[in-house]
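A.B. asks: Next come the chains, spelled out residue by residue.
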Amino acid sequence: MSDISSSETTQPSSAVVLAAGEGTRLRPLTANRPKPMLPAGTRPILEHVLNALIDAGISDIHLVVGYQANRVRSHFGPTYRDIPITYHTQANQLGSGHALLQARDGPDGPFLLVNGDQIIDHRIVEAVSTAHTDTATLAVVEGPEAIDYGAVHLDGDTITKLIEQPADGEFRLFNAGVYAFGQQIFQVLETLSVERGELPLTDAIQLLIDEDDHSVGGVRTDHFWMDATHPWDLLSLSRELLTRGWVDAPTTDTDIYVAESAHIHPDATLVGPVIVDSDVVIEAGAVVGPYAAIGASVTIGSGSVLRDVVIDTDTTIRPNTTAIELVAGQGCRIGAALTVGGGPADVVLDEEVYSDVDLGGVISDRVDIGSGAVLESGALIGPGATIGPGVVVRGHIDAGSEVVR
Amino acid sequence: MCGIVGSIGRGDGTVDVLMEGLRSLEYRGYDSAGIALGPSMGVLRKSGELDALAEVVEANEPTGTYGIGHTRWSTHGPPNDRNSHPHTDETGRVAVVHNGIIENYAALKADLQETGVTFTSDTDTEVIPHLIAQALDAGDDPETAFHNTVDRLEGSYAIAAIIDGTETIFAARQGSPLVVGVGDNCTYLASDVPAFVEHTRNVVFLEDGHRVIATKTGYTILDENRSPVDVEVETVSYTAEATGKSGYDHYMLKEIHEQPTALRQCFSGRSDALAGTVTLEEIDSIPQPDEVQFVACGTSYHAALYGAAILREMGISAEAYLASEYALSPPPLSLGTLVVGITQSGETADTLAALRDANSRGVSTLTLTNTVNSTAARECDHAVYIRAGPEIGVAATKTFSSQLVGCNLLAEELVDGSRDLRPLIESLRNLPDNVQSILDTSSAERLAEEYGKSNAYFFIGRGTNVAVALEGALKCKEISYEHAEGFPAGELKHGPLALVTPETPVFAIVTGDDERAQKTLGNIKEVQARGAPVIAVTDGESDAAEIADETLMIPETEERAAPVLANVQLQLFSYHLADALGRPIDKPRNLAKSVTVE
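Quick note, the sequences are listed as chains A and B, same order.
When we follow this note's numbering, the leftmost residue of the first sequence carries the number 18, and every step to the right adds one.
When we follow this note's numbering, the leftmost residue of the second sequence carries the number 642, and every step to the right adds one.
Check each hint, because a few of them may be wrong.
[What the hints assert, rightly or not] Computed footprint of chain B on chain A; a stretch qualifies when at least three of its residues, placed anywhere within it, have a C-beta under 8 angstroms from a C-beta of chain B:
1. 77 to 87
2. 158 to 172
3. 307 to 321
Keep in mind the hints are simulated off the structure, nothing from the lab.
Glycine is no exception: its CB is placed at the ideal position from the N, C-alpha and C atoms.
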């Protein structure tokens, strides 16, 4: 930032955000919205992403939308925090390179590229932005997760190689998914074709490296970033945000955040860290927290005990519910005295077994649950399902199905 | 006649400022548009949408350092180039733009014609430049000529004029909206704030009788006696981009999808679900009225029908009147009457006239509006805001939903006595999600395809659902241009049933399972017997879904909230019908968003 004249030409003021994907591994929570609109704390993941960009000084945002695009458009509208948003539609989800290509008419000069489903500290954005000179710059982090995200070989501040599927333990530096590009990237992407239903961005970056082995810069960073791959990751994501205070509500006590329009009965107890968003109602005797994220217009009945939960907007929880490690979607009606005892659990997703997961249960959007129901650890209830009174829910319940005792 | 803009102090950027300003006022009318620039006194005008003028501007590259502009919705004379604003005098020394109606224009025109003036248009506006020119010829200086002319005008108007050799914009407001934007060394004028909000958020809201003399060094505001008046410069909060389309094909679709947010904003902070109470701070102190008279037009009138129905259920005498009829045949008023004007823009001329009539008869007035600082908000004793955010699509969608919620809040605040409002509050709090679930799952698009080639569309309902039936039909007419009618279901057999055939689908709004629902089921069978396909808009509590040929389902909720949900399904049907027919959904022919003429 010391050299103002060069920063004017290479420091991006625009950003492209990829928000078109469904996030199939987060089904059934993504039935009605794309993954970037799932809750992190009480706000969509994407809102946190845009906050990081704006906090880093970005003044022009381009959102690539696709799956359930209207959800993104109606949430943010034409501006967010007074920064204009331009929407670009990716009709078919054919990979990150293809998604970026949809925004080719968007930014004029250099720009940043981030994922809409990955929460990042704004300092990562600043680091990439500052280090960017010409063609491409990407954030590099160190950790054991290289196997999941694609490793990089870093020589000084130059990326010399991308390794898509590294062998376990072989690499510890990997691509954090935060990029700065010049307009050249679009030309490179246009020379590539979609193969096996994918046009990955990394292919284009590898091409840039092949053409000129000094064209792609890497900048090491150790600031916070996190994404959600599986439904239970939403719990840890919220935990992290609550711990850091990255929530959008005034604090009433060190780690207790309550929106002004929320109504909390004087005999209810909030145990921090906890966030209670606008127009929430918490009745007498309820104990909420620690690690509870209560979305806008949620009602929590008297005597309920909620710990380690993410409750999305407009859900109503009747009295005397006990919920530990629960993710609940939007507009659910949960009858009195539901019991969700918490993990650990063995969860089966897409025929893969995940053992010892800390998950009480997942309730998707607009599920109706009768009083006295019990969720066994790791239960997953699809959207619009109806669970009768007193039912003990095990494993998967399909969308729209009705379960009675 | 609809939107005006003016700009002085922006130098060579003036043309762009005027064109952008007109672009953001396009919702006020789009039959024709034009600009006039000083010091050249060049005038460009073109019938059709603003793009037609933009082409002319691009071809001619006009220059100027100050100017005025106009986007028009015809009241006098057909939309053609000749009738487009700005209008000039015979010699081109004076150019004028005008929004409103000059009621004594016929007499003024006759006087001018007697002195040999030739008129080139059919508009009432054209008398203004001729009068100014006549005053100049009589020896008046330009400012005096402007004042003397305005003194002679009767009716409602917002006027902006430029006069050769003055480097000044002269403006006056009487009954039509006009605001001044205060920039750094520049001044803007417009019918509405979005026209210049990109350049400045410092705004003076003019009162009737105010006149503005704006030069590049500043502005002066005078009253009708030409004495300077002190005015307050206010800072407005919304941004220019708040009017963008966010990637939706139409503003209407965007606004339909914004309803969950709009409803949340309308309701937020206005209830206490723990205590079961509703509080509207704005009108906390109003005593319970003996009687409520609603005045409104168009979609707002349907909200008024709903509002009157719920007040009557609560034991308060209440009636909804069409504003355009109200002042002409006013109902009796007593001291305990409250007159409530519902107007999205707060500028609807018919509604303002009705409210002024009530004001002049000494009763309390209240407006339920979406527009802070609008004329209605300033002139009424009380204002309650529905907080729906800007609505650009001519067909009202989210503002109607918010008006219905606003009516509930208003009724609960106005009527004394303790009641347990928790079920109502819960149903209103659930509305955003219930609307979202309709947006996620509606089969309206499929039905619009299936029934898109029908001869006519009928909408029936009872109780508060009458308002939904009428609104469903109005939306259908406005944007699809198809014949549509709404009726109270019981009225069918008294006449309209003669129109029902197998080619006329009937939308029956049936919510709950009370006597009204049961009787509407009877009406469904009545039209089915005539071969009409029936589409039930229902929550599934009655047998409507089983009896009807098709259904548009809404979530189960309280009786008061159900009409909001039923209406969303009908909005989607009308939208998809109009879209399939290729209609210009955001700018239906002959209509304007904010009807500022009576």
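A.B. asks: Each hint should be assessed against the structure and marked as holding or not.
C.D. replies: The hints, checked one at a time:
A stretch counts as covered by a chain when three or more of its residues have a beta carbon under 8 angstroms from one of that chain; for the segment 77 to 87 of chain A and chain B the count is 3, and the coverage holds. Counting residues of the segment 158 to 172 of chain A whose C-beta sits closer than 8 angstroms to any C-beta of chain B gives 0, which falls short of three, so the coverage hint is violated. Here's how the segment 307 to 321 of chain A fares: 3 of its residues keep a CB closer than 8 angstroms to some CB of chain B, so the rule of at least three is met and the hint holds.
In this structure, only the earlier hint numbered 2 is contradicted, and the remaining ones agree with it.
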